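S.K.: Sequence order for the protein chains is A and B. Just add 62 to wherever you are in the first sequence, counting from 1, and you've got our numbering. Just add 243 to wherever you are in the second sequence, counting from 1, and you've got our numbering.
List of simulated lysine-lysine pairs, DSS-like, C-alpha gap at most 27 Å: (1) A:K251 to A:K264; (2) A:K201 to A:K237; (3) B:K326 to B:K356; (4) A:K237 to A:K271; (5) A:K221 to B:K323; (6) A:K237 to A:K131; (7) A:K130 to A:K237; (8) A:K264 to A:K278; (9) B:K345 to B:K356; (10) B:K345 to A:K188; (11) B:K356 to A:K221; (12) A:K207 to A:K271; (13) A:K373 to A:K326; (14) A:K164 to A:K278; (15) B:K357 to A:K221; (16) B:K345 to A:K207; (17) A:K221 to B:K345; (18) A:K264 to A:K373.
What the hints contain is simulated information worked out from the structure, not anything from laboratory work. Quick caveat, the model's predicted, so the values are computed rather than measured.
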Amino acid sequence: MAISPDFKIKVRHFFKDHYRVIVLVIVIALILILFNRYLIGKRYTGTPPTTYRPNQSVLDSQESTVPKKVATEFEDFIADYIGYCNNRNYVAAWNLISEDCKENFFGNSYNLFVQYVQQKFDGNTKRYAIQNYSNVDGKYIYNVKIFDDFLATGLTNQKYTFQEEKLVASYDEDKNVVFSVGNYMGSQKLNYMGSNDYLIVKVSEVIEKYSFAIYKVNFVNRTNNTIVIKDGLSGGWEVGLALKNDVRYALDDTNIVLAPGESKTVVLSFEKFFDSSEAPEGLVFNAVRVMDNYTGNPETAEAEIENAIDKFSMTIAF
Amino acid sequence: MANRKKSSRKIILVAILILIIVIVVMMFALKGMKGNNTGTATDQQISELSAQHKEEQFQEEVKDLSEMSEQQRMQFYCAKFFKAVDNERYEDAYGMLYDEYKENYFPNISNFKKYFQDYFPSDFSLSYSNFERLGDIYVLMVNLSDTVNGSYGHNFSLYVVIQETALNEYVLSFSRNSAVGEEV
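Sequences are here, hints too, so could you generate the full structure?
M.R.: If you want it as structure tokens, here you go:
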């Protein structure tokens, strides 16, 4: 089939007049072809769907989530903290925790902190897993599991065990996010007082761990007699933390016996979950005895109590 | 003037059509060259086809995995590993191991192959008795049964630890000595 010279000329003119457009179309077509080939060659894997929501509380009945800023900072903190502990860079790890935690949990003792870390990190590289547990009063409590690098060992010659502790992220006075370790939740200065003719009792501080509340209490004996607050010989419970529907007994074994005129400060621990909804209502000293004669001998205790100058129960209400 | 404009448009349309036809022909020609099976296949062509087949299989698995729960996915990965071992595709199975684990227990593939030949029954089936997540890793307790010798055979339990980075992308390790002695 012969092509007419007129058509040939028209085509030639067309290409001459529109070569820029033609080149552009070819370039676009080539880009599209190459992009298509790239997409075909690209391996699609997608994000695995999981039920793991590390920043969503598992305990709170209402859906409670850690704010994004706190969650991000906590994730960075825990990665750095575990990394430093793994690498035995204890100074760097110590510098990551809050001043409050350093002071009230470790008594500002770096050596105590090192001992604490070494006990958890027994020389093996550890991995960790975090899960927001509960969020109370601006404190974001995470449950952190610390375990050996099971992926590197496949659990060969190992038991499937891990350590757990609660770590807290919270804001300090300057609105910085700070972190505490070792189940330490925080501390609070208190100023509760109770007194009578025999005794002055002052509750000055509470240090809260996740499952314990530890109260600092000062007693002053105003008499010339011995006052027994706790010795385990009264025949009933002696010191308790009153909650709305319950009384938690003191866990400490130490006796509290005041000599005439003596002032003594003791710490009293009670089992109480930090995120429990039951607020403490007061400290109860249920078997205070003002004794004329006190030996501390279990065999003579009953007779001594019968001859006590006074016996009473005293509550320091919060 | 109007006629000239009309004619120009016509020519543009024709030119675009020609271009499209040329591009389509080029694409087909390229594909035809790549997939030409009429002659004797070279090693390169065979390996390309095999890689293509593997890739297709991978994508199919990804599709299936995207509809599975975490537990099902982990069991799938675990089964895939032991299936590779059972089918003596040791290289594939070795490639699934976590690097540090390899260094610790199987520094080369011949150790790995010998281990399975020495300590694993020739034919076995798997069942799962426990599954737990620990952050970004999963721990499975796997019961391995000797299907040929039944209760008289070498039956044991072992841990399998898996880390999944994306669908069908994972590394794993297992309690090496469980097959050697009853450690779990």
